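Produce the complete structure using the sequences and hints provided.
Residue numbers (the working numbering), protein chains in the order written: chain W, 1 to 356; chain P, 1001 to 1356; chain F, 2001 to 2234; chain H, 3001 to 3265; chain X, 4001 to 4265.
Treat the hints as calculated values from the structure; they're not laboratory data. One or more of the hints may lead you astray.
Below, simulated DMTMM-like cross-link-like pairs (lysine to aspartate or glutamate); rule was C-alpha separation at most 25 Å, straight line [what the hints assert, rightly or not]:
no.	chain 1	residue 1	chain 2	residue 2
1	H	Lys3252	X	Asp4156
2	F	Lys2064	X	Asp4229
3	F	Lys2064	F	Asp2125
Restraint ranges, calculated between C-beta atoms of paired labels, are given here [to be verified]:
no.	chain 1	residue 1	chain 2	residue 2	range
4	F	Leu2187	X	Gly4034	53 to 61 Å
5	P	Ala1329	W	Ala220	52 to 60 Å
6	P	Glu1254	W	Gly319	21 to 29 Å
7	X	Val4044	H	Ala3061	36 to 44 Å
8	W	Gly310	P	Thr1304	21 to 29 Å
Please read all numbers here as calculations on a predicted model, not as lab measurements. Even for Gly, the Cβ is constructed at its ideal location relative to N, Cα and C.
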Amino acid sequence: MSLAVEAATRLGDVELDVALEVADGACVAVAGPSGAGKSSVLRVVAGLLRPERGRVRCGADTWLDTAGGVCVPPERRGCGVVFQDFALFEHLSAWRNVAYGLRGLGRAERRGRAHALLDRFGLAARADARPATLSGGERQRVALARALAPAPRVLLLDEPLSALDARTRAAASRELAGVLAAARVPSLLVTHDFTEAAVLGDEVAVMDAGRIVQRGTAAALAAAPGSAFVADFTGAVVLRGVARGRAAGLTAVELEGGGRIASTDTADGPVAASLFPWEVTLEPAGHDGAGGSARNHVQAEVVTLTAVGGRVRLGLQAGQPLTAEVSEAAVAELGLRPGAHVTATWKATATRLVRR
Amino acid sequence: MSLAVEAATRLGDVELDVALEVADGACVAVAGPSGAGKSSVLRVVAGLLRPERGRVRCGADTWLDTAGGVCVPPERRGCGVVFQDFALFEHLSAWRNVAYGLRGLGRAERRGRAHALLDRFGLAARADARPATLSGGERQRVALARALAPAPRVLLLDEPLSALDARTRAAASRELAGVLAAARVPSLLVTHDFTEAAVLGDEVAVMDAGRIVQRGTAAALAAAPGSAFVADFTGAVVLRGVARGRAAGLTAVELEGGGRIASTDTADGPVAASLFPWEVTLEPAGHDGAGGSARNHVQAEVVTLTAVGGRVRLGLQAGQPLTAEVSEAAVAELGLRPGAHVTATWKATATRLVRR
Amino acid sequence: GDSSDSGGSGPVVVSAAASLKGAFTAYAEDTGGNARLSFAGSDELAAQIRQGVRPDVFAAANTKLPDVLFEEGEVGEPQVFAGNRLVLAVPAQGAKVGSLDELAGPGVTIAVGSASVPVGSYTRDVLGRLPAVQERAILANVRSQEPDVKGVVGKLTQGAVDAGFVYVTDVRATKGALKAIELPKGLKPSGAYGVAIVKGAKHPKAAKRFVAGLLDGQGADALRKAGFEPPPSP
Amino acid sequence: MSRAFAPLLVLALAVALAFLTVPVLAIFVDTSPGRLLDSLGDPVARDALWLSLRTTLLALAIILLVGTPAAYLLATRRFPGRALVLTLVELPLVLPPAVAGIALLAALGPRGLLGGALQDAGIALVLQTAGVVVALVFVAAPFYLRQAEAAFSAVDPSQLAASRTLGAGEARTFARVAVPAARSGLAAGTALAWGRALGEFGATLMFAGSFRDITQTVPLAIYDRFAEDFPGALALSAVLVCVSAALLLSVKLATRHDGRRGALA
Amino acid sequence: MSRAFAPLLVLALAVALAFLTVPVLAIFVDTSPGRLLDSLGDPVARDALWLSLRTTLLALAIILLVGTPAAYLLATRRFPGRALVLTLVELPLVLPPAVAGIALLAALGPRGLLGGALQDAGIALVLQTAGVVVALVFVAAPFYLRQAEAAFSAVDPSQLAASRTLGAGEARTFARVAVPAARSGLAAGTALAWGRALGEFGATLMFAGSFRDITQTVPLAIYDRFAEDFPGALALSAVLVCVSAALLLSVKLATRHDGRRGALA
Ligand SMILES: Nc1ncnc2c1ncn2[C@@H]1O[C@H](COP(=O)(O)OP(=O)(O)OP(=O)(O)O)[C@@H](O)[C@H]1O
Ligand SMILES: Nc1ncnc2c1ncn2[C@@H]1O[C@H](COP(=O)(O)OP(=O)(O)OP(=O)(O)O)[C@@H](O)[C@H]1O
Ligand SMILES: [Mg+2]
Ligand SMILES: [Mg+2]
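Okay, structure coming up:
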């Protein structure tokens, strides 16, 4: 069973207009700025939002066809949904929330399965608690367990791990990956976390202002971000500027807030230049030497330093904020502290340009 | 004005027992596993949860002293709170939510300030929308603007950026940092994001099971995680095992799921070994040569590969899941694909041990 | 018992004015309980009958309502079966008023039946026989015109008014909380109660028997015992 | 003013409580305990109590059974004329009880709009126990319907949506999510309707008459007794108050629930 | 069964609506439009309408003013005996109207429990317009109080907490958050109480009597007309229904609101 969605409808100020297929057993991660319409797409698939025009098909079944007047109600679509705000049943204990979707089983069996699922998400001890007495992350895990319980035909996960700490998230994510692999159903996963998208998603669809603006594997997105948002999403640093002419295979970009850099990409007009923090090296202030025009040099002031496992992440201010990641040795050598002035340099080939 | 909290109370299965001071103008990031009691600490400070025993002082004022029978009501504490579930006023438009806390001003002025704040968080266009028609991230930003509006004496931020994409989060985080710097009030920031904790927090307090288990700068935490949770939080990989004896300055650890590694740290009994993904290098399978016992060698299978800006993040399965981050060149050289077998190696000095 | 039209063996269904409650209940028990009784204000019962409700017997606290219903063709020819004496009722203890003459005094509060209910129209008839000045003075002290005699009795027992005009049977029902001040015979304080068999009654024979007993028999005895008077001679 | 608010709240509640309970207590003051027991011993009173219990419970069952889904529909669908429908539901309230009885006669009585149809179907209501139930439903239903509508309106629609995605059709969602989530409002509506039905007098008298053991509920028995034994009537009222209080309180204690949402999740 | 549910809901609503409106309509069928206008022309009827309007509005104002904070307190505090307090609030409902009137007399009448105190304070209620208002408040307040309590219980406590942290004391939180958030339930309670007050007859009659322009509200005027001029009484009832419908509907349209939460944020 594969899933195919086409939907066009007005949402407040946003015009939603998407077409998306998810192959059987595949997981498409959906990313995009806040308000892009990600949750709305999930609502269309689940049958909770009826678009003005649209079609939703799952395998051989047509769930929605506004032209043909078909609209299967949510309860006969069998979508497992994790709602962004959880939407737990406040009057039921955690395990009863999870057992809610389990039909045609004896009471003992439902109870057993619900407890087993809660246990998988580390919530065995809270099985009898009402949602009102659960912490945020506990609520989210109950919501996840509830969505997975009835072995759904499609999984719709709206930031299912956002309220979890790294450790709990890793555990929940493993459980989720296990379920995704075992269930072999199409799934849509809304996430703001690139690693999560890369690990759980076979592909990433990036939405903006109601449309899908880029689609591809996580690696492809990282290699060629189609927008400043995608660059940000993949963990890159984004600098805003205006591309002014091209010479010797290099595009010159005038940065907002001052400074001038070069890129091997071709572009014109307002652009966003993106690079990864570990592609930046630091040199003493004023340095403007090696690499010629094929290397970018930007004067910056150190704002923050965070050392993590032999690496240091530096927050720099260079007209625009910039992040660099260098070795502890380099920091020691340059004697970097907050307030220090440095030259940040990186290759023109590492500078990707996207139109803004 | 500094903030000092001491509180002890029973919360379901958890016994909350914390003592925490935040200096004037300082921001303490609070991290910890789901259900550790982070939100509860914030509720105690805000005056929404009265602990069995406790004291809360802000500057010269005593807000709570259970022994002395003092309990200042929330409205006279002046805490700006971003609630984990936002708690927006559903019957008020976005700007009226923000203007709610602005007192003693003319209507036009309140409206103007509320709009200005919404604009700072990129929500000028949604100022007249009711919360019910806002997206998750939009709701969160309204909650943030609402908390900041009345110039609070203390800021209590419960995962204030969790529902935002990287780009919106960076912008909101910048605004927040600006406010924190300008307001110079003590603040508590609950977060699951190490970078956020490092950038916004002067210090990080790590909670577990109702207690503060570690406290220090982000760098200190990363250098010497006191627990597997902290290691995870800082982005490290955590392997579970049992320490069995020490010889030649090295502790031998028997890993769960098979394998044996060494660490320069001293420990005994059940431990968690942590290392950062970029400290792992990959060699062809079966390789067990250089470095001797001072280098760890673990046989693993490649599960996922994600290339990001010249770097590749690999998900490995080696009895326990393991993450490595290597250069694209290394991947090409070894011809790594999912299913390939490799030897993951790292230094015994890079292996930090914490008791479980 | 629906097929008992001719036989008349079913219980006779009687709608009667509330003040007849004691007397009719005793009568029904004396005759073997073969009657179903329902009590309400005479006007309410009349309204029911107008809406097509069909008890067998309609007994009102006046003669006007049965007469009107007879003219409208709802009931058979009415008969007067009892009389009731209008009295001036005052609280048994601490009464502010001791006689009819004191009613016109300043500050005296009076409750009477409204003109539309039997007891109220009798009250007006009786007061109309007083000198005009006295009548006007008494009416000026009326603070409430009650569509239900219960209202008058309730206010008197609770001391909310000083005096009221009710039937002597109503005073008896208060078990001593009120006392009756008899009105001069010259005012003709007696009201007549009329009864009629409803057209289309399901048990016409039993109804006839019931009415007959009221006029002369166990019913008449029960009425006397309860304080009702024989039908006033026209 | 802010500091004075909690005392003000307490004052408001105290005033409201005093105003509502003192008159009820006053009935007891006027009634000796002996009389109260006498009333209970009286077979007429016992018949009336038993009939009141049966008819009000039956009426309540009908109101809950029809009213709950009707209110759910009103609360979950937006349609033009919704305000009008709600007003129509409220209108029976403004009818003085006897007029309500006349209205019922005019609609369902032998000469009423639907009287012929009922007669043809062999359904007799007027002067019958069934008529009491009809009258009670008519006067009490608006209270439950309106209250239930408000309670269902306050249910978080995202919980209803979640239920649907979990395979529960609208019926199951209604029964398993909407009703439990609205239960405190529904319980209040039930109490209001039951209380109103227990005290109902005028419409019943007009539509069903006041025949002992057939249509004479406690309020009618009280009325009857007024004409004959004024203090006895008050004693019976006191008994009605006691019995009703016991009923309403026990239902409340039986369906007790707690657990309000915490502020910070 | 799931597929049949929506039709079942519609059926339930249709049955409920038909049952509640047909009798009301039947009053109009029995009344010619001419009579309806005649009633309006009659000065007694006009006086009664005007008095009804004044007294019910005043009673409603008192109920809202005292009842809203009292209900808020009941809804937001848990204390032992809460179920008992709620039951006490409900008890006046079960009193048949005339008994309610007697109860008021026994409490506030000249010989009542508090009668002396009132007299000393120079407050006259019995047989006065003020007494009508007291009677209306007594019979209508429980409906509002109970409904308001349920509505406040359904308000998300985290919104109240948020308001407090934003510097709003309990009073401001009550006025600016709790009341608006509970408004649909409060509106329902107001409608119930108003409707009940407009139709109130027995307690008013017993406590305040019936005197044109002082205590004779429309229901009392209708009763007064019953025996003499039955069609006139029905016509006046019809007028009461029309006026009440207009009042209730216009309030609903004036305070209209929308905006239910979406399912996926
Ligand atoms: N019922 C509605 N009425 C009007 N506008 C709406 C409604 N529902 C959503 N919107 C608007 O549509 C846009 C998309 O909303 P949606 O919830 O799909 O965003 P999203 O991509 O999930 O964002 P987030 O990451 O913040 O959750 C938002 O700008 C939102 O304000
Ligand atoms: N009212 C309550 N009754 C019982 N237990 C409660 C209550 N409130 C919180 N708890 C429990 O106390 C623990 C701490 O809750 P808290 O909300 O402070 O966690 P947290 O650290 O904020 O977690 P998260 O990151 O998931 O939001 C949880 O296990 C929760 O279930
Ligand atoms: Mg969303
Ligand atoms: Mg929390």
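Verification of the hints:
no., hint, verdict
1, H:Lys3252 / X:Asp4156, "holds, 22 Å"
2, F:Lys2064 / X:Asp4229, "holds, 13 Å"
3, F:Lys2064 / F:Asp2125, "holds, 13 Å"
4, F:Leu2187 / X:Gly4034: 53 to 61 Å, "violated, 41 Å"
5, P:Ala1329 / W:Ala220: 52 to 60 Å, "violated, 19 Å"
6, P:Glu1254 / W:Gly319: 21 to 29 Å, "violated, 53 Å"
7, X:Val4044 / H:Ala3061: 36 to 44 Å, "holds, 42 Å"
8, W:Gly310 / P:Thr1304: 21 to 29 Å, "holds, 24 Å"
Of the numbered hints stated above, those contradicted by the structure are hints 4, 5, 6, listed in ascending order.
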